[in-house]
Amino acid sequence: MKRLLIVDDQPNIRQMIRLALQGRFELQEAADADEAYAILLATPPDGIVLDVMMPGSINGFQLCERIKCDARMAAIHVVLVTACGQVSNQELGRSLGADAYFVKPFSPLALARHLTQALIPATGALA
Amino acid sequence: MLPTTGNTPSMKNEANRLTPAELETAWAQCPWAAAAIGGEGTVRAINPAFTRVTGLAADSVLGLSEADFDAHFDAKVLEHRRVETAVGSLRAVHYFRDATAQSENELRLSNTAEVLREPLASIYGFAELLLTLNYDEATRRDLTSTLLEQVEVMSNLINHLLDVSKNGQADTRLEGMSLKRSSDPGDGE
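Protein chains in written order, with my numbering: chain A, 1 to 127; chain B, 1 to 189.
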């Protein structure tokens, strides 16, 4: 089963994403980018759902950049999920190598469809 | 108007093209703070207005990765635009100006949208899950409870915004307002 890391400082958002993805992925959670980075170094997942604005020494953009600039982690599928809806933020996310950008509020089922299609191509969309 | 860089497609012939010296002057005299990101993804150059507007010295930003550079700035203090470019070996140019140059209304709208998106994300998401997927009664009750609490959070935020608006306060950052439920579960749930 593919492994996914959910990173958001809001427990409600992590719970919502977990409910949409459970059963299809092996899930791990982190409440900030520092905790997530430690997990990434220890056991890199196949994908990461990453909030942008979080407390801690680095934000989601910075973690995305670290992932995509590190050969050991560059293949991880990065989905940025954020309340920053401005086009300039989306462009920055794309330029840092993010594979997708969801603006809050977003459909958790659409996120699940995206991740399923990206990481489990053989099974396609959610039933 | 947002500054642009280099020669644009609207310059229809060579006679209208700016010389390198003219471009250098435009860069140096631009009232917006500007920082150029090279193709390798690091800050390659800043213009003279940069230190004046941002308070950051060249030594502290040149060579930073774009994400580390971006993390220096608070959108509530500085208006920030990023312009993608394919000119030469440049990846992008970041522009900044004092956010007080923006209308207060514009700032308030921007901050409000960002703050309201958080509880709205929970309301939208949990409603969609409840509508679409089958849960046992206990889970359904828990998710509905979470959804209603996020409605309450949102209602409180709106009331706070109205109070701020009535009192004419400039600070719309909603500091101290928690977006979390008092009963939020821990990570190990």
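Everything labelled a hint here was simulated from the structure, so no lab data went into it.
Positions of the beta carbon are idealized from the N, C-alpha and C atoms, including for glycine.
One or more hints might be untrue.
These stretches of chain B come out as covered by chain A in the derived footprint (C-beta under 8 angstroms, 3 or more residues) [unchecked claim]:
| id | stretch |
| --- | --- |
| 1 | 17–25 |
| 2 | 61–69 |
| 3 | 114–124 |
| 4 | 127–136 |
So, partial list: chain A residues that the calculated Cβ filter (under 7 angstroms) puts toward chain B [to be verified]:
| id | residue |
| --- | --- |
| 5 | Ile39 |
| 6 | Leu41 |
| 7 | Glu91 |
| 8 | Lys104 |
### Query
If you check each hint against the structure, which ones fail?
1, 5 and 6
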